[in-house]
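Engineer: Here the structure of chain E is known, so what remains is to put chains C, D and H in place on it, guided by the hints.
For reference, the chains in residue letters:
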Amino acid sequence: MAKSAKSSSLAPAAPAALFVGAAFVWPLVRLCAAAFAKGDEAAPGIVRLFTDAYDRRALGHSIVFSALVALASVLLCLPGAIALARGRFAGRSLLRALFAVPLSLSGVIVGFLAVAMLGNAGALPSLLHASWLRGSAFTVGGLAAAYLYFEIPRATLTMEAALAAVDEGLLEAARTLGARPWQVARFVLLPLCAPAMRAAFGVTFAASLGSFGVALILAARYSLLPVELYRAFTGTLDDSLAAAMALALAVVAAVVLMAAHRGRR
Amino acid sequence: MRIALDQIRVDFPGHRALDGVSAEVASGTVTAVIGPSGAGKSSLLGVLSGLIAPDGGAVRFDDEDVTSWPAERRRLGVVFQELRLFDFLSGRDNVGFAPRVEGAAAGERQRRVAEALALVRAEKFADRPARVLSGGERQRIALARALAMRPRALLLDEPFAALDAELRRNLRDELRALIARLGLTALLVTHDRDDAFALASRLIVLRDGRVEQAGDAAALYRSPASEFVATLLGEAMLLPIAARDGDRAQALGQWIAVTGSGSRAVLRPDALEIVAEGGGWPAQLVDARFAGSRWRLTLVGPDGHSLTALTDELPAAGARVAVRPRGPVHTV
Amino acid sequence: MKTAFIAITLISVSAFAADDVVIQYDCIPNYANWGGVTALYKKKTGVTVPPDPKGSSVAMAALEKEKAAPRADCAYYSGAIGVAAAQKGLHQPYKPAGWDKIPAGLKDKDGLWWTVHTGTIALVVNTRALGATPLPKTWDDLLKPEYKGKVTYDDPTWGGTGFTFVYGINVLKGGSATNWKPGLAWLKKLDANVTRYPRESIYNDVLRGEVAIWINADGNGYKMKWVDKGPVEVVIPKDGTVSMPLVMGMVKGAPHAAATKKYFDWLLTPEAQGEFARSFFRPVVAGTLPAELAQKFLPDAAYAGVKNLPLAEMATASDGLKKAWLGEIGKK
Amino acid sequence: MARRIRPMILGGALSAIALAVVLVTPLVIVVGAAFVPTASLGISSEEWVAGAGAGRAFRYVLDTYGHHLAVSFEVALVAGALAIALGAPAGLSIALAGRRRAARVLETLLTLPLAVPGLAAAVALLGAYPGRGGDLGLLVVGHVLYTLPYAARTVGEAARAQELDRVLEAARTLGAGRRHRFRLVAWPALRRALGSAALVALAVSWGEFNVTFLLATPSSGTFPTALYLTYTTNSFPVAAAATTLLLAGLVPLVLLALKVGAEPEQGA
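Protein chains in written order, with this note's numbering: chain E, 1 to 265; chain C, 1001 to 1332; chain D, 2001 to 2332; chain H, 3001 to 3268.
The following block holds chain E by itself, in its conformation from the complex (with noise of 0.2 Å):
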């Protein structure tokens, strides 16, 4: 076999794979075993999260809000993305700026800068004299668009990475094909676009699954699995339920991005 002089070795990685392997890895597999390890109450903690009428609709509610919020993100921000990524027009690093700082923001901001805005003592009701705003940050409406905030960033961003790729000729072609504008858009933009989407929706859905500042300052009686996680972590020293809680967060969201990036590279 010609051991190519070319090909280097891996050994350079073999000290970040052994940190994630003893940071990550081993303990998401003892997780595992703690999910499924009775301990001292009735039945494992895997098999109680999903008797538990409660947490079960916890972790429906977690999959539904996130995928939810995740789509609404990319569909706001596809536009944005595809300006960011294909226009050149002067303040465009600017603007992308002005989406990279947020993004770096922790979910507890994001959960303070609504209820600073939309709580009942909230900035906007007053500024916009719009009473029905008053309190609305503790609302299920409220926490959707704290969480809509928090994934704008990040679905803006994928998207503009990704659609760096899209041969805007494609789009020229088809307009000398007869296609209106509309036509364009529908059978050779969102195809071409598509991939972008896909990418920043798997990206959206896992930050928002696993997003834990906001839901717990929001902390609205709409139950979210994260929150669960911590109070039975915290609160009643639920171990096994706790692990249950984590894996379950830790398997839906690495499945979702799994999907969503297929066919990446």
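Source of the hints: derived by calculation from the structure; they are not laboratory data.
You may find that some hints are simply not true.
Below 30 Å or equal to it, Euclidean Cα-Cα: the simulated DSSO-like pairs (lysine-lysine) are [stated by the list, open to error]:
id, chain 1, residue 1, chain 2, residue 2
1, E, 38, D, 2065
2, D, 2261, D, 2043
3, E, 38, D, 2323
4, D, 2307, D, 2225
5, D, 2088, D, 2331
6, E, 38, D, 2252
7, D, 2088, D, 2225
8, E, 38, D, 2088
9, D, 2043, D, 2296
10, D, 2188, D, 2173
11, E, 38, D, 2332
12, D, 2261, D, 2067
13, D, 2331, D, 2042
14, E, 38, D, 2067
15, D, 2323, D, 2189
16, D, 2229, D, 2144
17, D, 2261, D, 2109
18, D, 2181, E, 38
19, D, 2137, D, 2332
20, D, 2331, E, 38
Since we're looking at a predicted model, the values are computed, not measured.
Structural biologist: Relative to chain E, chains C, D and H alone:
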């Protein structure tokens, strides 16, 4: 420097890239390795440059076995197909790379860089960042970078593939003059016969990892060892031979002078001439177009065989003509 | 992997020098003025007692989880949770100087826990947020539809005050240490009017009017009214309520034991007790409640119906009642 | 040069600008609230400690949570350094190894943590290494888990974009040994990517909350955990001041990362 390859074998998962290739590049000559894509050309270049360790066989520079030498010790000036310039450096710093790693003193470095840039006439744009140069400019810088190393030989991998026809012809002529002037040994890897004939005096024809034929370029063109070589090196019409009598053979009902012991005659368009009716194969003129310096005629010969001829003048329209080889025809 | 952690820990040397810190679980700055007390202690001794957002139940849970390698030095609990922690063997005995000034019923005979100040479960009402709805007078008023979405109490699995209320209302409604049905039934009815069961201090939310009625310690209400000048009134329900001692305990295996003992001693000094009093939590050491603060409390008559609950019984029932509350109300 | 009017781009740009305004306005209002003593926005509950003036709010935050700021700074530096030390060589060697299966498997392994929510990773870490909760080492490990993948990916993509494997081969044919190849080719080619990866790692660690919240204790909490404290227990101006301090660390890091990471503009 004389380069010799002895029974070189290279296996990659799933296929054998080079299967016992032996060849020689005489010192001071320019040899071209030609073959379709997948024939093993780039593997050969990899083995020569030291970037690929062969599974078998030996590489010798002037009778010294260098098979195990790493690329950085071989001092072969390689101009890659993708050029592979250091885009984070200027043109000038690219050219200065080899002298720098060699540890040459600053003054010496500047002198060698200036000399290399002059050779390829790249002084004007040398100080701009490499990534903003045009295709032709990047090509010159890549060549200068190899020359600045004062290489023992040049390895050129499809050097003109990415350039447009006109630029290609200029650079080709310049490179040919440059190599001659420097007396360099060079090996060119290409799938384009025009490049091969323009630069190389000797050819090595590669097919599926084996040497199909090697030797003087003109000899290979005129007397190819196989149909593969014949069609690779030029446009060829292959006529079946009905009968053979010593150095004469009968094809399409006419007796013609032949060489070689093949069963089919290799006719080149430039080796056919148009004569009055009865002087050769009776043919009907079907199409004629002016191909730059000469006329390209398409004719239909006996029992429908199509013949192509390159001639200086155009026969009168509708005239009944005949086609005849100018000299002996090689058979494969 | 162990060595890697030690290496990483060594690299990231904690920003704290060895003993100029005391880690107190449940040290919420604007609850019972812990912010002011710890700031005063730091000014006096340079020792930092960092703030900690844990409620009493979560603090006890954290101590249980870290039993093998304790992180905390001491913990502050509302009511019986501290006694429960002592029963679980999480504390080590220490009788701070001034031990004898603490009334008998409010301290453990072995020094495993002791009361630092006391409060009373009451209704902390933001009148602006309540709007036109009249002030509730009794517990049963809270069940009326006009209080829908206006009532809140801390999740008992998070905070001790919440637990003290849940246990207390059960006793008031005829339940006992082992029979929780009356209390849970009443709380189930109240659930219709409850906005949310927070798992963090919502002092600011109440002050800003995010929340109308907060069932919590009376001291917080008085502080909002007199110190923060918020539109807040304190209501002691006519059909009785319960007192709530706030206890402290030293963690078994506390990393900074010496510093903790000095800290505990200081907490019972008139200076510290006076600082606590500024948040209208009644100091446990008699005579340290300044007169001008005392007269801002509701008249003693309002406190006539306040029951003192037997802490030991309450402690043993704590885990069970919390799970029952979760099952019936928390997780519905 | 005639610029083709591209309606799609125009529409897209406007919607991007609108979204940017939605994103930035709350931040501006909150940062503003930290400087302007807005009694209306929230009654200060530390009237006698923080006082009304903005300066007092910042001083209150620094007095009360200064330690958390120090821990955040320290954890970010250590985690950032480890992320680069482990991630960069890994990203580079994976990129240079090209199509081999082992390289692709390694690449997936290294980016796996990003697929899993921070909270779950923290629970897993505490489960696998009990008793180490609150130990700064575990906190740093949690942060490295979420910064190492960025470093590996950024460096790897930079190497692939510049076809570094081929350029290194060219350098070898020009006589450059291993040391020269690193110093004169790999380093200049990847310097930008490394810089941007380091800055991103610092920014991620500085703002990290999901992994940190369960791993931290009062003495080893980073500033975001202090932020949570101010949101729940302090007045609005103090919370706004704390948020401003966090942004003061975050914004420069992010903008610098963008600038350092940006490709040199094509063209003269």
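Engineer: Now look at each hint and say whether the structure bears it out.
Structural biologist: Results for each hint:
1. E:38 x D:2065: It holds: about 18 Å lies between the C-alpha atoms, which stays within 30 Å.
2. D:2261 x D:2043: holds (18 Å)
3. E:38 x D:2323: With a Cα-Cα distance of about 18 Å, the restraint between residue 38 of chain E and residue 2323 of chain D holds, given a limit of 30 Å.
4. D:2307 x D:2225: At roughly 25 Å apart (the allowed maximum being 30 Å), residue 2225 of chain D and residue 2307 of chain D satisfy the hint.
5. D:2088 x D:2331: holds (26 Å)
6. E:38 x D:2252: holds (29 Å)
7. D:2088 x D:2225: Given pair residue 2088 of chain D, residue 2225 of chain D is violated - Cα atoms ~38 Å apart, limit 30 Å.
8. E:38 x D:2088: Roughly 22 Å between the alpha carbons, so the hint for residue 38 of chain E and residue 2088 of chain D holds.
9. D:2043 x D:2296: holds (29 Å)
10. D:2188 x D:2173: holds (13 Å)
11. E:38 x D:2332: holds (24 Å)
12. D:2261 x D:2067: holds (20 Å)
13. D:2331 x D:2042: violated (41 Å)
14. E:38 x D:2067: Since the Cα atoms of residue 38 of chain E and residue 2067 of chain D sit roughly 21 Å apart, the hinted pair holds (cutoff 30 Å).
15. D:2323 x D:2189: holds (18 Å)
16. D:2229 x D:2144: Holds: residue 2229 of chain D and residue 2144 of chain D sit about 29 Å apart, inside 30 Å.
17. D:2261 x D:2109: Holds, because 17 Å separates the two Cα atoms, which is no more than 30 Å.
18. D:2181 x E:38: Status holds; Cα separation ~29 Å.
19. D:2137 x D:2332: holds (28 Å)
20. D:2331 x E:38: holds (21 Å)
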